[in-house]
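Visitor: Using the hints provided, position chain B relative to the given structure of chain A.
Chains as they are written, first to last, in the working numbering: chain A, 49 to 293; chain B, 20 to 140.
Honestly, the hints are just simulated from the structure, not real lab data.
Careful: at least some of the hints might be erroneous.
Claimed, not checked - Chain A is faced by these chain B residues, among others (derived, beta-carbon under 7 Å):
# : residue
1 : G70
2 : E71
3 : V73
4 : P76
Unchecked claim - Derived coverage of chain A by chain B (criterion: at least 3 residues anywhere in the stretch with Cβ under 8 Å from a Cβ of chain B; other residues may be distant):
# : segment
5 : 72-80
6 : 104-111
7 : 119-126
This one's a predicted model, so the numbers in the text were calculated from it and none came from an experiment.
Every residue, glycine too, gets a C-beta built ideally from N, C-alpha and C.
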Amino acid sequence: MAQLFPELFPELRERLLRAGVAPRHVRRYLSELADHFADLRAEEERAGCSRAEAEAAARARLGAVDELARAMVEQRQFRSWCARVPWAMFGLAPLLFLAAAYFLACLYLWFGWRMFLPGADTPFGGRNGSMYDLANIYFQAGKYYYICAPVLVGWGIGLLAARQRLKAIWPALGLLLIAWMGATAQIQASRTAVPAGLGHISMKFFGLGPEAQVFGGAVHALIIFLLAALPYFIWRLSQAHARSA
Amino acid sequence: MLRMAARESNPNFMNGVPELLILRLLQEQEMYGYEIVQAIRSRSQAVIKVGEGVVYPVLHGLEQEGALRSRRKTVNGRSRIYYSVTPAGAQRLVELASAWSNLATAIQKMLTGAQHGAAIS
Numbered sequence: 049m050a051q052l053f054p055e056l057f058p059e060l061r062e063r064l065l066r067a068g069v070a071p072r073h074v075r076r077y078l079s080e081l082a083d084h085f086a087d088l089r090a091e092e093e094r095a096g097c098s099r100a101e102a103e104a105a106a107r108a109r110l111g112a113v114d115e116l117a118r119a120m121v122e123q124r125q126f127r128s129w130c131a132r133v134p135w136a137m138f139g140l141a142p143l144l145f146l147a148a149a150y151f152l153a154c155l156y157l158w159f160g161w162r163m164f165l166p167g168a169d170t171p172f173g174g175r176n177g178s179m180y181d182l183a184n185i186y187f188q189a190g191k192y193y194y195i196c197a198p199v200l201v202g203w204g205i206g207l208l209a210a211r212q213r214l215k216a217i218w219p220a221l222g223l224l225l226i227a228w229m230g231a232t233a234q235i236q237a238s239r240t241a242v243p244a245g246l247g248h249i250s251m252k253f254f255g256l257g258p259e260a261q262v263f264g265g266a267v268h269a270l271i272i273f274l275l276a277a278l279p280y281f282i283w284r285l286s287q288a289h290a291r292s293a
Numbered sequence: 020m021l022r023m024a025a026r027e028s029n030p031n032f033m034n035g036v037p038e039l040l041i042l043r044l045l046q047e048q049e050m051y052g053y054e055i056v057q058a059i060r061s062r063s064q065a066v067i068k069v070g071e072g073v074v075y076p077v078l079h080g081l082e083q084e085g086a087l088r089s090r091r092k093t094v095n096g097r098s099r100i101y102y103s104v105t106p107a108g109a110q111r112l113v114e115l116a117s118a119w120s121n122l123a124t125a126i127q128k129m130l131t132g133a134q135h136g137a138a139i140s
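Chain B with its partners taken away, still in its complex shape:
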């Protein structure tokens, strides 16, 4: 689903990341699929590149679970489906963000510990 710039990431480690990023972006404003993908690319400075078409199954899945709602809107003569976060989605974002913060902290500690270990030896 998500690809790091240089190589494929371990899918197990990337579980939940697309949902987290999408919920975070849509919490600020409603967007349609193309906008979401471009926003992920630009905010991660192209470190996270989404296989663009595969964002839609994630959006549809989140909508089905009640985390997102969608509405059709015509902008500049083109009909698009805009997505926004529901209260259940906001709650899900809090949980996912917390889980990822914990994971990132743990990994950071391990990396720092490894550097200390290298410095001592």
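So here's chain A without its partners, still in its complex pose:
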């Protein structure tokens, strides 16, 4: 497609995405425009034009970038959710996603507790098995999933923002919230300490804790933020480099 109409399509794509048109609608529009352009060029060539003349005529008949962009942007139903309600997509949805990921982590922990440590008061620590036994591998995998969850959600935020060419303010907000939630998340699993919790497991978020833990929490949040923001930051840099080049 890009080879057919190289100078128009990237510009049109960028304008549509920046105007809030959902990426899937942009893709389909450009794909149909490319087909249309090929038909117009073939028609002009059949009429006796050279390849260059046919392409110029086809380009003129297809319409200017302004006209093509305006026609699509005016159709408000093609706007993406990121453009319509960015506060929800970047302020609320990531928190819900991370909460869901933590819920799965708790479920995973509960299954492991019942399966491998049925008599223990808590699934944390106190095991004497080999490093390679199934229980250890199971709990380590859960631990890494729990640690990586906010970073993965952060990458999702970056991907959404990059696809829609959003201003950095929205993904930055989402990443900050995710970092805060990730750094302050605490799981407690104990038959004695959480007798009424769901399967003796409870979670809490956003608590700053004692003063001594605030600094540690801030460092933790900073690490999550940096790791989660890294791909988006690299993408922004590459975009800026491409524009300057």
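Guide: Okay, now just chain B, sitting in the frame of chain A:
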């Protein structure tokens, strides 16, 4: 969206015209974008010229509203998206056609009245 041969038409007066023409054409047979534009041009004897690329947002909008359905079809080795009218689209066509017939009749009456007025004076 639509352009008269000589000059740009008033956009307010042209509201609904692209939808009307597209639904009317697709009621007869399914077509893809390029075919639709060529059909509009040839049937209106080039009086109505469509800015060709801008037909697609109209098609996509009608599809989203349920007035059209689309399917991908490979013809002569090329994959194309063909559009056809749904029952809801047929109903929409009836409403749009009726509205435009009324408008055209009213304008025709006014023009005829103006000619009579000129003849009397």
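Visitor: Each hint should be assessed against the structure and marked as holding or not.
Guide: Hint by hint, here is what the structure shows:
1. G70: At about 4 Å, which falls below the 7 Å cut-off, the nearest Cβ of chain A leaves the hint on G70 (chain B) intact, so it holds.
2. E71: holds, 5 Å
3. V73: holds, 4 Å
4. P76: With Cβ-Cβ at 4 Å, under 7 Å, it holds.
5. 72-80: Coverage by chain B holds for the segment 72-80 of chain A (4 residues, Cβ < 8 Å).
6. 104-111: With 3 residues in contact (Cβ-Cβ under 8 Å with chain B), the coverage given for the segment 104-111 of chain A holds.
7. 119-126: holds (count 6)
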